[in-house]
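Enquirer: Sequence:
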Amino acid sequence: MTADRAPRGNRAGGAVPAALAVTEAVTRTACLWVPDWPVVAALVVAGLGPETPAAVTGGPGGRIVAVSAPARSAGVRRGMRRREAQGRCPDLQLWPADDARDAREFEPVAVAAETVVSGLEIARPGLLLLPSGGAARYHGSEHDLARELTEQVAVRTGHECQVGVADGFLAAVLAAREDAVVPPGGSRDYLAPRPAAVLVHARPADRALTELVDLWRRLGVRTLADLAALPDAAVAARFGDLGVWAQRLARGQDVRPPARRRLAEDLTVTEELDPPAYRVDVATFAARRLAEHLHEDLGRRGLACGRLRITARAVDPVTGEARTLERLWRTDDTLGGLSAARITDRVRWQLEGWLTASSLGQGEAPAPIAGLTLAAEEVAPAGALQPRLWGPGAGEDLRARRAVERVQALLGGDAVLTVRLQGGRDPRDRVQLVPYGEQVPPEREPDRPWPGALPPPAPSVVLPEPVSAQVLDAAGRPVVVDVRLAVSGDPARVVVPDGVAWAGGSGRSDGAGDGAWAGLDVAVVDWAGPWPVAERWWTPRGKRRVFLQVVTDLPGDVGLLLSASSGTWVLEALYD
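Position in the sequence shown (from 1) plus 13 gives the number in the working numbering.
Worth flagging that the hints you see were computed from the coordinates, not collected in a lab. Note that the Cβ used here is the ideal one computed from N, Cα and C, for glycine as well. Any given hint could be a false lead.
[Claimed, not checked] Derived DEER-like restraints, expressed as beta-carbon distance ranges:
#: 1; residue 1: E458; residue 2: R302; range: 19 to 29 Å
#: 2; residue 1: R557; residue 2: R490; range: 20 to 30 Å
#: 3; residue 1: G100; residue 2: A167; range: 42 to 52 Å
#: 4; residue 1: P455; residue 2: D239; range: 47 to 57 Å
Go ahead and model the full structure; you've got the sequences and the hints to work with.
Expert: Quick look at the structure:
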């Protein structure tokens with residue numbers, strides 16, 4: 014068996030999953046990419062222009078995950094900590110990652126691309142895929158197709174995009190990043206000299222893929238040519254489905270089944286909404302039932318779908334005229350497709366895009382949704398994965414969800430709450446407790462400006478209730494902040510009196526129980542502030558406070574967030 018042929022099995026005794034055992038045929042694919050899309054979407058929501066230095070944070074530690082061009086020119090890079098990024102660019106605007114915002118704001122781009130080519134699919138917000146064969150012949154050439162897509166997106170949305178054309182998915186994605194057209198049959202040579210790390214562009218934020226690329230680097234597999242040259246059976250036996258998927262991409266091949274099955278009637282679920290839904294949460298409630306039914310049908314048949322088609326029927330409340338809104342989402346078929354919850358999320362994101370006037374055209378009000386249809390396309394036998402010994406792959410996530418749902422069934426839906434971020438100025442106000450599994454609108458929108466809000470990074474521990482504290486200067490006198498924000502003395506010590514118990518801190522154990530501490534007397538190493546916050550000062554229930562951040566001499570340089578009102582200090586939160 015040569016390295017250029019698709020493996021039918023492996024010498025380790027296991028068969029390569031049918032979803033990955035495909036022929037050498039590849040599809041000429043065009044890829045439309047909007048650079049730095051999470052930042053672009055955040056700027057659109059905030060009403061700011063592309064000249065604003067901005068970044069999006071997310072992932073472990075709240076590091077930078079996307080950067081705008083002005084911020085990049087100031088030295089901000091992906092993977093930086095927020096404080097380092099703000100040190101390099103003091104005017105940097107920061108927003109947390111928001112998948113719903115990215116998908117909702119990407120809908121106008123998809124609508125603009127559909128004026129040029131029909132039948133496109135969304136790989137992820139910011140990235141569109143479409144077959145270029147017929148469209149290129151219609152517009153004259155692949156270069157003409159790329160130019161037409163770029164112009165339509167720019168004219169209709171104001172966003173700059175890049176288009177690449179190549180054989181296969183990975184080559185098309187990389188070509189879009191270079192605004193290039195790879196000649197037919199040249200994808201393998203185009204990919205060969207590139208480092209194996211570029212595979213992450215096919216599936217960003219996939220920790221398993223990142224770890225696999227790092228393993229290959231340590232094993233000496235540094236380029237896509239090195240990966241493509243490995244024996245097929247050895248890759249399948251050693252690295253599993255993910256390794257086979259990556260190797261096929263490295264060879265410039267597709268990973269779709271060669272014989273795409275036609276959509277079966279029983280793999281489509283539909284529900285009519287009576288009365289029609291004007292609100293996203295009402296339509297999402299129906300979508301969740303459809304997602305569960307579709308997922309159960311696929312699981313019962315042992316199938317996974319390569320694409321999910323979402324179709325909504327909107328009815329004009331005045332004229333009664335119906336219109337069909339349709340969008341195609343690519344799924345992660347190498348890992349067994351989408352769960353019911355992930356299907357629901359994608360439907361909700363799409364509904365948010367459809368039920369906003371921005372995605373339906375300027376000046377046109379959104380029409381209510383009268384019907385929803387979910388369809389599984391490109392179905393194939395689901396690949397079998399060897400469970401891991403620990404982690405999500407071993408089933409902990411599924412068991413945890415089932416346990417939570419069992420508790421809800423026994424005690425009621427409101428008995429199990431989960432935490433969600435909302436708008437506010439202090440850490441406690443930004444926490445909203447909502448019933449697990451429910452899409453409850455936030456009490457305060459997090460994307461709106463909150464003057465005087467606590468700057469990032471956020472505290473790691475927020476006390477359930479503030480506890481009284483004393484802030485003393487070097488002479489042992491209480492630190493007082495006057496109306497002009499002048500401090501009577503530099504903070505030197507913070508004291509939480511004995512008898513005041515608080516959970517989750519660091520200090521002196523007083524037998525109050527595991528995880529609970531009583532009393533605290535620490536020295537202040539450094540401090541920042543104070544800064545005032547006056548909330549609803551024009552009402553009788555208004556609050557006026559000043560906040561102070563201090564770094565203590567506790568092991569690990571634990572930081573404290575304190576606030577004072579009417580001369581009384583309280584401990585609000587901790588930084589680790």
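Enquirer: Which earlier hints turn out false for this structure, listed by number in ascending order?
Expert: Hint 3 contradicted; others consistent.
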